[in-house]
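J.: Each chain, written out:
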Amino acid sequence: MARYLTTRIFFTLFTFWVIVTLVFFLMRLAPGGPFDGDRRLPPDVEANLLAAYNLDKPIVEQYVDYLVMISHGDLGPSFKQKDFSVNELVRAGLPVSLTVGGLALIIALSSGIALGVRAGLDTGSRIDTVVMGSANLGLAVPSIVLAPVLLLLFGVWLGWLPAGGVGSPAHYVLPSIALALPFTAAIARLTRGSVAETRLEPHVMTAIAKGLPRSRIVLRHILPIALLPVLTYLGPAAAALLTGSVVIEQVFDLPGIGRYFVQAALNRDYTLVMGVVVVYAAFILLFNLFVDLSYKRLDPRIELR
Amino acid sequence: MPVRFKCWFVCLVCLGAGNAGIASAQALHLGNTGEPQTLDPHRYNLRLEETILTDLFLGLTTFNARGEIVPGAALSWSTSEDGLLWTFKLRQGLKWSDGKPLTADDFVYSFRRLLDPATAASLAYFLYPIRNAEAVNAGRLPLDQLGVKAQGLATLLLELEAPYPHLAERLLYPTGYPVPRHVIAAVGDDWVKPEHWVSNGAYVLADWRPQAQVELVANPHFFTAPLIKQVFYHPLANEQNAYNRYRTGEMHAISTFPAGELESVRDHLAAHLRLSPLLSIVYLVFNTTQPPFDDARTRKALALAVDAEVLTDKVQRAGNYASKSFVPALVANYDSAPLQHYVVENKLNKVALTQERQQQARALLAAAGYDAGNPLRLTLRYVSGADAKRSNLAIAAFWKRIGVETQLHHSELKVHFSDLRQGDFQVAQAGWFGENNAEHYLGLLVSDTGDVNYGRYRNDEFDELMAHARTHGDVTQRNHVLRQAEELVMATYPVVPLYSVGIRRLVSPAISGWHENARDIHPARFLSWQ
Amino acid sequence: MLSAFLQAAVGSTIARICSGWLLVITSAALFGPLLSPWEADAMDWDALEAAPSAAHWLGTDLIGRDMLLRIMLGARISLGVALIATFVSVLIGVPFGALSGYVGGRLDQILMRIVDTLYALPFILIVILLVVVFGRNPALLFLALGAVFWLDIARIVRGQTLRAREQTYISAARSMGASQTRIIFKYIIPNVAGPALVYATLTIPGVILAESFISFLGLGIQEPDTSWGVLIADGTQSMESAPWTLLFPALAMGLTVWSCNMLGDRLRDQFDIASRGYNRRPDTVGNLS
Chain A
0 MARYLTTRIF FTLFTFWVIV TLVFFLMRLA PGGPFDGDRR LPPDVEANLL AAYNLDKPIV
60 EQYVDYLVMI SHGDLGPSFK QKDFSVNELV RAGLPVSLTV GGLALIIALS SGIALGVRAG
120 LDTGSRIDTV VMGSANLGLA VPSIVLAPVL LLLFGVWLGW LPAGGVGSPA HYVLPSIALA
180 LPFTAAIARL TRGSVAETRL EPHVMTAIAK GLPRSRIVLR HILPIALLPV LTYLGPAAAA
240 LLTGSVVIEQ VFDLPGIGRY FVQAALNRDY TLVMGVVVVY AAFILLFNLF VDLSYKRLDP
300 RIELR
Chain B
0 MPVRFKCWFV CLVCLGAGNA GIASAQALHL GNTGEPQTLD PHRYNLRLEE TILTDLFLGL
60 TTFNARGEIV PGAALSWSTS EDGLLWTFKL RQGLKWSDGK PLTADDFVYS FRRLLDPATA
120 ASLAYFLYPI RNAEAVNAGR LPLDQLGVKA QGLATLLLEL EAPYPHLAER LLYPTGYPVP
180 RHVIAAVGDD WVKPEHWVSN GAYVLADWRP QAQVELVANP HFFTAPLIKQ VFYHPLANEQ
240 NAYNRYRTGE MHAISTFPAG ELESVRDHLA AHLRLSPLLS IVYLVFNTTQ PPFDDARTRK
300 ALALAVDAEV LTDKVQRAGN YASKSFVPAL VANYDSAPLQ HYVVENKLNK VALTQERQQQ
360 ARALLAAAGY DAGNPLRLTL RYVSGADAKR SNLAIAAFWK RIGVETQLHH SELKVHFSDL
420 RQGDFQVAQA GWFGENNAEH YLGLLVSDTG DVNYGRYRND EFDELMAHAR THGDVTQRNH
480 VLRQAEELVM ATYPVVPLYS VGIRRLVSPA ISGWHENARD IHPARFLSWQ
Chain C
0 MLSAFLQAAV GSTIARICSG WLLVITSAAL FGPLLSPWEA DAMDWDALEA APSAAHWLGT
60 DLIGRDMLLR IMLGARISLG VALIATFVSV LIGVPFGALS GYVGGRLDQI LMRIVDTLYA
120 LPFILIVILL VVVFGRNPAL LFLALGAVFW LDIARIVRGQ TLRAREQTYI SAARSMGASQ
180 TRIIFKYIIP NVAGPALVYA TLTIPGVILA ESFISFLGLG IQEPDTSWGV LIADGTQSME
240 SAPWTLLFPA LAMGLTVWSC NMLGDRLRDQ FDIASRGYNR RPDTVGNLS
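Chains as they are written, first to last, in numbering that gives the first Met the number 0: chain A, 0 to 304; chain B, 0 to 529; chain C, 0 to 288.
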């Protein structure tokens, strides 16, 4: 276990370093510097700006400086949001992104598993057809269509929920549902498949033969095994949820870090882009580490390397 | 399933509870066009920052509710005979929002801070009319050589490099705002944080949640108390979102809404709609260093084929105002020179007129060596965006009618203007807005203007006239020469003026004191609830 | 193998609907623009933002371009991106998976660890960065998306290779002194081609969605070229004044994604791939939006 843990942590750190390096140099390759405005900038002023932000040094030196800086947990000043450090921006934006992402994950898991189990227990039945049909539909309706339509319907026309921004719990309802839908569908399909399969395993057959109540069979004998693929899915799903939230934040005017990312990428706000990627990557890598470890706890059959 | 439903909502409530609720009905919620990048008036860059800064600070001169120039921190000012020395008398009893007195020395400090190379202010050049400003900003002269002096507590003297009659207008911008020296001395760059905030405008910064809202509250030490005590600016970069949130009542006024909704707004929200032209010009610029755009015939042919009225009225339908001249018609005390082909007396109807212009354009192209067998192919560059896309596709269609094949190329604002400044384009859309004087616009075509003369246009005769105009301290004389210069330069078609931007806002009828104006500036202190 | 494909494609009513739609949209993409009376970028000055009519069956957009034609042109790019990106992902995924499964041991562990790690990355963010840095080059978009979507295929191919490796004819080839490369390319890859193809089918909708996602953020395909993502993004900006500008592109894309998913599922059932063992990954990882 200790060796497994060490290897995993080493890989996690290594991946993290690769991402940071990759993004650092990618941003520096981009045409158009961070201080290209639409009005003229005299050369002297531009030189002042570059010096103030450490951009006049050789790129390798900037890179080393950056690595040293983030190892201290400091993501630096934002090039564009001049009144904030990247740490302050992330602190303001991350809770919003995590709230939406977390709610969507809860919605997707609870409804996806419930629907999947129901369909998986009766494959080929009418319910199965309806559930799978809608799941496939859910996968086919992209959130770029779903989110604006939900917003127009429930926000503007019906006036039941706010049309954007944050400020009250109600502001999170539409974004989380819009974000959750494709994942609900994916989890439902996944659960259905593995429930249908687990249902036929010998230990379940034995339980059925013993005449145990249906609910007990499902909860005790089927779910623990059938949910393993869902658990595996959580790692990539967390990554996809966070990226999905980029669009959702855009549509619903949410002040999350996904929105910073798009704007910062367009504005060449090097440090902010780096900061968002660093935080996303760290978060996702940690989540995956956690999923892997809990996997081991849940399924003793897995031999750890 | 029902149990699970309940769970979600419990979770929703727990997680969301951390955020404060929408403020009381007293507060004013305004949609801004995006997120400010800074609220330091010397480091600002964007119009949407100007909007907020106007509420937070008071310069020597300022706007009234109609966007006209009126006394601000200075009650009166006078100019010397030669136009080189300006004397500003400050208002009595001016105070910072922490109660400390504001003196002429604070202005001296602030002008020096703006031009200090260490501040790295990208708009420092706004105040280059002041003596030695350029040299100080470049670090060639020490700060105390800047032509700004205090005379006692309440008199400020500004010495200029050359006569500049539009100084009162130049001082409207945040670059001319005073910043609190005593706070900056104590906390450094952190002075812009809400907890340290001190300013001299009608409001002070109470809170700023990035990408969510900027909250202002009334400044108790301002000389007239504003009627609305609390103002929120929300960054609504997406027009559709702004429109949605206005309709749900979350916003009391928004800066713009989708152009396609204009008809529907006219029908359903007529009392809310505010349309007004902005002092601005959107134009096409030719790279005059590159063939075939170094040939005035080619440029004229392309200009002739563009119908600015069809563009604004049929294609955009966004409330923009077609422009016949490069200097916007809105500029005061100035009679802009329309493009030559608009001047020609013509009794033909619209259709025949268009056909005649197209024929003329084809003839010009033929003279320049292009015909059906050898069509002119060009790339037209513009800034990404749905509205811009529509306009530029229409322009490509105009040119197609005279046999020109247009390739469209769009890029982000940054990249677009960066490339334009480096002269990396053939034909591009550009825009210029801001001041209420002709040289602000005509200056773009002077050969030594630098890289904002995107097309690297050079016309010695025009340059001389412009230099001559700038020796006059008197506005009328100056404008007279400028007008000659404009006429001269427009005959060679270095640019094709298209339109002045039309501002389309939605403003709640419950707000009073809102006046449309050419600068589209609406300080919150003039607004009130009905 | 062919019969399995046929069985999956026309074996039931739903399958016939799906195949039918894919056939329709593909031929519309290929031939539709040639048959349309309208020109790609020609604006119909008399029908700006016009509702569906006899002249414009699906209406026109804000600048009077025929929506039907735009959707067919969009299909060219969207389907093209999907096919090329899928091809790229097969190109990377198959050798990678085959190598990992065939050589096994330490190499297998390292390669699979790489795949696991990559699975967890916010790849769309990196694609966005690539697009911002290197400009809106469609070719780049194809490659970048392909480079993201090969993971599933690598994993499936590895599993299949592990099975194939134990087959007697491969042991025979090995004992006859065939080289590793030869065995992988000559015996293993043909053996796993079917399952790889099935997963490729499931990659297509993922790529279509990912492309639309990027275009929605304004970072994808450039005017005057168009894609379903661009059309939908434009449509959401005029969904009230001209609902047809959102409805039809969304339908075209939704139906295509749906059909691919349905057919992919059926194919997978036919081939009975990867339905054993814990290592199964969902096919939906790519469906990011």
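It cannot be assumed that every hint is accurate.
[Unchecked claim] Using 20 Å as the maximum straight-line C-alpha spacing, the simulated DMTMM-like pairs for lysine to aspartate or glutamate come out as follows:
1. Lys-192/B <-> Asp-73/A
2. Lys-148/B <-> Glu-214/B
3. Lys-399/B <-> Glu-38/C
4. Lys-81/A <-> Glu-49/B
5. Lys-81/A <-> Glu-214/B
6. Lys-81/A <-> Glu-80/B
7. Lys-81/A <-> Asp-115/B
8. Lys-399/B <-> Asp-224/C
9. Lys-349/B <-> Asp-43/C
10. Lys-349/B <-> Asp-45/C
[Said to hold, decoys possible] Heads up, incomplete: computed chain A residues facing chain B, CB under 7 Å, no partners named:
11. Arg-2
12. Met-68
13. Gly-72
14. Pro-76
15. Lys-79
16. Lys-81
17. Asp-82
[Stated by the list, open to error] If you only want the chain B side, here are some residues facing chain A, beta carbon under 10 Å, derived:
18. Arg-42
19. Leu-235
20. Ala-236
21. Ala-351
If you are wondering where the hints come from, they were derived from the structure by calculation, not from laboratory data.
All values reported here derive from a predicted model rather than from experimental measurement.
The beta-carbon is built from N, C-alpha and C at its ideal position, and this holds for glycine as well.
J.: If a hint holds in the structure, say so; if it does not, say that too.
T.: Okay, the hints, checked on the actual structure:
1. Between Lys-192/B and Asp-73/A the CA atoms are separated by roughly 19 Å; this keeps the pair inside 20 Å, and the hint holds.
2. A distance of roughly 35 Å separates the Cα atoms of Lys-148/B and Glu-214/B; the hinted pair therefore is violated under the 20 Å criterion.
3. Restraint check for Lys-399/B and Glu-38/C: the C-alpha separation of about 13 Å stays at or below 20 Å, so the hint holds.
4. Restraint check: the Cα-Cα separation between Lys-81/A and Glu-49/B comes to about 15 Å, which is no more than 20 Å; the hinted pair holds.
5. Straight-line distance between C-alpha atoms of Lys-81/A and Glu-214/B comes to about 18 Å, which keeps the hinted pair within the 20 Å bound.
6. The straight-line distance between the Cα atoms of Lys-81/A and Glu-80/B is roughly 42 Å, outside the 20 Å bound, and the hint therefore fails.
7. Proximity of Lys-81/A to Asp-115/B is assessed by CA-CA distance (about 18 Å); at most 20 Å being required, the pair is judged to hold.
8. For the suggested pair Lys-399/B and Asp-224/C, the alpha carbons sit about 18 Å apart, so the restraint of at most 20 Å is met.
9. Of the pairs offered as hints, the one joining Lys-349/B and Asp-43/C holds, with about 19 Å between alpha carbons and a cut-off of 20 Å not exceeded.
10. At roughly 16 Å between alpha-carbon atoms, Lys-349/B and Asp-45/C fall within 20 Å of each other, so this suggested pair holds.
11. Against a cut-off of 7 Å between C-beta atoms, the interface hint on Arg-2/A is violated, since the closest Cβ of chain B lies about 38 Å away.
12. For the restraint placing Met-68/A at the interface with chain B, the shortest Cβ-Cβ distance is roughly 18 Å, beyond the 7 Å limit, so the hint is violated.
13. Hint status for Gly-72/A: violated, given a least beta-carbon distance of 19 Å to chain B, over 7 Å.
14. With its C-beta approaching chain B no nearer than about 9 Å, Pro-76/A sits outside the 7 Å limit, and its interface hint is violated.
15. For Lys-79/A, the suggested interface contact is upheld, since its CB lies about 5 Å from the closest CB of chain B, less than 7 Å.
16. Hint on Lys-81/A holds. Least Cβ distance to chain B is approximately 4 Å, under the 7 Å limit.
17. About 5 Å separates the beta-carbon of Asp-82/A from the nearest beta-carbon of chain B, less than 7 Å, and the hint is met.
18. Interface hint status for Arg-42/B: upheld, as the beta-carbon distance to the closest one in chain A is roughly 6 Å, under 10 Å.
19. At a threshold of 10 Å, the smallest CB-CB gap from Leu-235/B to chain A is about 7 Å, leaving the interface hint in force.
20. With a cut of 10 Å, the hint placing Ala-236/B at the interface with chain A holds, because the nearest CB-to-CB distance is about 8 Å.
21. Because the closest C-beta pair between Ala-351/B and chain A is about 40 Å apart, greater than 10 Å, the hint is violated.
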